[in-house]
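Take the given structure of chain A and dock chain B to it, following the hints.
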Amino acid sequence: MEYFLIIISAIFVNNIVLAQFLGICPYLGVSNKLSTATGMSMAVCFVITLATLVTYLINKYLLVPFQLEFLQTIAFILVIAALVQMVEIVLKKVSPSLYQALGIFLPLITTNCAVLGVAITVVTKEFTFGLPSHMLNLGEALVYAFATSLGYGLAMVIFAGIREHLAMNDVPKAFKGVPIALVSVGILALAFMGFSGMVK
Amino acid sequence: MSKNFKLITEGLVKNNPTFVLLLGMCPTLATTTSAINGLSMGLATLFVLVLSNMAISLIAPVVPDKVHIPVYIVVIATFVTLLQFLMQAYTPAMYETLGLFIPLIVVNCIVLGRAEAFASKNGVLASACDGIGVGLGFTGSLTVLGLVREILGSGSVFGWNFIGGNDGMLAFVMAPGAFLCLGYLMVLFNRFFKKN
Numbered sequence: 001m002e003y004f005l006i007i008i009s010a011i012f013v014n015n016i017v018l019a020q021f022l023g024i025c026p027y028l029g030v031s032n033k034l035s036t037a038t039g040m041s042m043a044v045c046f047v048i049t050l051a052t053l054v055t056y057l058i059n060k061y062l063l064v065p066f067q068l069e070f071l072q073t074i075a076f077i078l079v080i081a082a083l084v085q086m087v088e089i090v091l092k093k094v095s096p097s098l099y100q101a102l103g104i105f106l107p108l109i110t111t112n113c114a115v116l117g118v119a120i121t122v123v124t125k126e127f128t129f130g131l132p133s134h135m136l137n138l139g140e141a142l143v144y145a146f147a148t149s150l151g152y153g154l155a156m157v158i159f160a161g162i163r164e165h166l167a168m169n170d171v172p173k174a175f176k177g178v179p180i181a182l183v184s185v186g187i188l189a190l191a192f193m194g195f196s197g198m199v200k
Numbered sequence: 201m202s203k204n205f206k207l208i209t210e211g212l213v214k215n216n217p218t219f220v221l222l223l224g225m226c227p228t229l230a231t232t233t234s235a236i237n238g239l240s241m242g243l244a245t246l247f248v249l250v251l252s253n254m255a256i257s258l259i260a261p262v263v264p265d266k267v268h269i270p271v272y273i274v275v276i277a278t279f280v281t282l283l284q285f286l287m288q289a290y291t292p293a294m295y296e297t298l299g300l301f302i303p304l305i306v307v308n309c310i311v312l313g314r315a316e317a318f319a320s321k322n323g324v325l326a327s328a329c330d331g332i333g334v335g336l337g338f339t340g341s342l343t344v345l346g347l348v349r350e351i352l353g354s355g356s357v358f359g360w361n362f363i364g365g366n367d368g369m370l371a372f373v374m375a376p377g378a379f380l381c382l383g384y385l386m387v388l389f390n391r392f393f394k395k396n
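Line by line, the protein sequences are chains A and B. If you read the first sequence in our numbering, its first letter stands for residue 1, the second for the next number, and so on. If you read the second sequence in our numbering, its first letter stands for residue 201, the second for the next number, and so on.
The hints are simulated quantities; they were obtained by calculation from the structure and are not laboratory data. Errors might be hidden in some of the hints.
Mimicking DSS-like on lysine-lysine, the simulated pairs with C-alpha atoms at most 25 Å apart in a straight line are [unchecked claim]:
id : chain 1 : residue 1 : chain 2 : residue 2
1  : A       : Lys93     : B       : Lys266
2  : B       : Lys266    : B       : Lys203
3  : B       : Lys214    : A       : Lys176
4  : B       : Lys214    : B       : Lys203
Reference listing, derived: stretches of chain B covered by chain A, where coverage requires no fewer than 3 residues with Cβ under 8 Å from a Cβ of chain A [to be verified]:
id : region
5  : 299-307
6  : 327-334
7  : 376-387
All residues carry an ideal CB built from backbone N, CA and C; glycine is no exception.
So here's chain A without its partners, still in its complex pose (with noise of 0.2 Å):
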């Protein structure tokens, strides 16, 4: 019950893009296209759960008993972008098709501050969803860190289709690219804020 809360919680009430304003620069960068918008999907979603089991670990097992949480921030950056080039090895090697299809996105993904965003959050906030506040266990973090990516894929994946159609229309000459994309974000975020209350 409380692992479907987070999911509820992560993908529809506090999505990642549309409550939360992380990652937003691929967000409106790579959903011109509603295939370049899912292969990025997949790699972030990919990515954000790695990079959380890892840096939840070096927390819990290295940063915390050594009292050397200050070093959080250095700590994790560095962690995620030598994750980020070690899977991009890995892949090409043990599946060059998923590889090909990720492509670009792989390397891109170390600046996304979606990713360290979810590492932070799950290791200083206190999260509630409807329960007594607590930290989260290792399992609930994992849960956490993929029901967020899903929405991410979520929301990137319906904007992709609103960009697809709107770039039949004809838009006034000072609204003409990201300022349209902005006010198109702004109306789905809107749609979004119906979930809210739903759980805390």
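Frame of chain A, contents of chain B only:
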């Protein structure tokens, strides 16, 4: 001196990080719930930007080309950690409000972007001026966006309430308002500042 002054003014309009270069969107949208929050986030970024620009312009000649990005990220992360300590000590309330977005300055593309594009090729003084210019441009955009959202969302200016009571349009303080306001401000910027 005039060259350095030009670097500062260029960051404000011509190279404005938010409206022209479209960098650092996450903190721009997330922390501008009020003018004072936007201003604080801008100043925090300015702090990191100037210091990291100066440090990187000093070490750039001795950093091997292959590892320059990780080295720059570590330098930036160091200054961000420094900033976290300073804010925790002197402005704990603001540190609490801005929350996650202070550590996330590390992955703000403006900071790494300026390090890569400017500081690694120029001297200390010029890099500092570039940092100040771009940082002020970012601070300016965030304050304006924060101001608009605060006026519409809570009916106040820098915390001074002018409509009495809490009759603002709540949506503008929340997520949708951020996207809508930034979108429309960008339209105005395009209309009045961009040539052709």
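Hint-by-hint comparison with the structure:
For the suggested pair Lys93 (chain A) and Lys266 (chain B), the alpha carbons sit about 22 Å apart, so the restraint of at most 25 Å is met. Distance hint between Lys266 (chain B) and Lys203 (chain B) is unfulfilled; the C-alpha atoms sit about 31 Å from each other, more than 25 Å. In summary, the hint linking Lys214 (chain B) to Lys176 (chain A) is supported, as the alpha carbons are separated by about 19 Å, within the 25 Å threshold. Among the hinted pairs, Lys214 (chain B) with Lys203 (chain B) is consistent with the structure: their alpha-carbon atoms are about 15 Å apart, no more than 25 Å.
For the region 299-307 of chain B, the assignment as covered by chain A holds, since 5 residues bring a beta-carbon within under 8 Å of that chain's beta-carbons and 3 suffice. Against chain A, the region 327-334 of chain B contributes 0 residues with a C-beta closer than 8 Å to a partner C-beta. That does not satisfy the three-residue criterion, and the hint is violated. Taking a C-beta to C-beta cut-off of 8 Å, the region 376-387 of chain B contributes 10 residues in contact with chain A, enough for the three needed, and the coverage statement holds.
Of the hints listed earlier, those the structure fails to meet are numbers 2, 6, in rising order.
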